[in-house]
Amino acid sequence: MHDARAIANEFLKLNGGSMNQMKLQKLVYMAHGWNLAIRNEPLVSGRFEAWDGGPVMRSIWNHIRDFGFSTVNGLLGRSVDKPFEESLTPEERGIIEHVWNKYGGFTGLQLSQMTHQPGTPWTNTYFGEGRNQPLSNDDIKQHFTELALAGRRATA
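Yeah, the sequence shown ends on 156 if you go by full-length UniProt numbering, and it's all consecutive.
Don't read these hints as lab results, they were simulated from the structure. There may be inaccurate statements among the hints.
As the list claims (entries may be wrong) - Simulated pairs of lysine to aspartate or glutamate, EDC-like, Cα-Cα distance not exceeding 16 Å:
hint: 1; residue 1: Lys82; residue 2: Glu146
hint: 2; residue 1: Lys102; residue 2: Asp3
hint: 3; residue 1: Lys13; residue 2: Glu85
hint: 4; residue 1: Lys13; residue 2: Glu86
hint: 5; residue 1: Lys13; residue 2: Asp139
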């Protein structure tokens with residue numbers, strides 16, 4: 001498992017170094033979900049929480065909370081010249097690129113709305129267990145597996 005801030009940096013790099021926090025949070029969440037569904041293992045350490053705006057990784061939020069809804073400029077790091085980085089496998093990079101190609105064109109609000117659909121891990125947790133409660137990796141895996149199966153059926 002990787003530091004979520006390093007995975008966020010991968011998406012920041014793909015977007016030229018800037019992105020608003022909501023979009024960044026949702027892309028990391030989606031990469032984590034697809035990794036669970038495809039590779040049967042978490043991509044990031046820590047737990048996503050069911051915040052009002054959708055799934056949020058607290059380590060990312062804590063690192064860039066001062067930006068609020070503004071755009072994050074530059075990579076997340078311990079300092080300006082020490083960004084969070086991880087060694088990723090080719091499969092993990094492939095999932096990040098898949099998520100970017102599939103969801104990178106959406107706004108943070110659009111991605112948040114996707115996570116708020118009935119039956120999603122966020123909806124199940126937010127309305128079942130309460131606000132800011134952790135999402136279950138089992139629920140996230142099941143949801144993204146169902147998305148993959150639905151996609152296969154649609155192309156068959």
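Violations among the numbered hints, reported as their numbers in ascending order: The structure conflicts with hints 1, 2 and 5, although it agrees with all the remaining ones.
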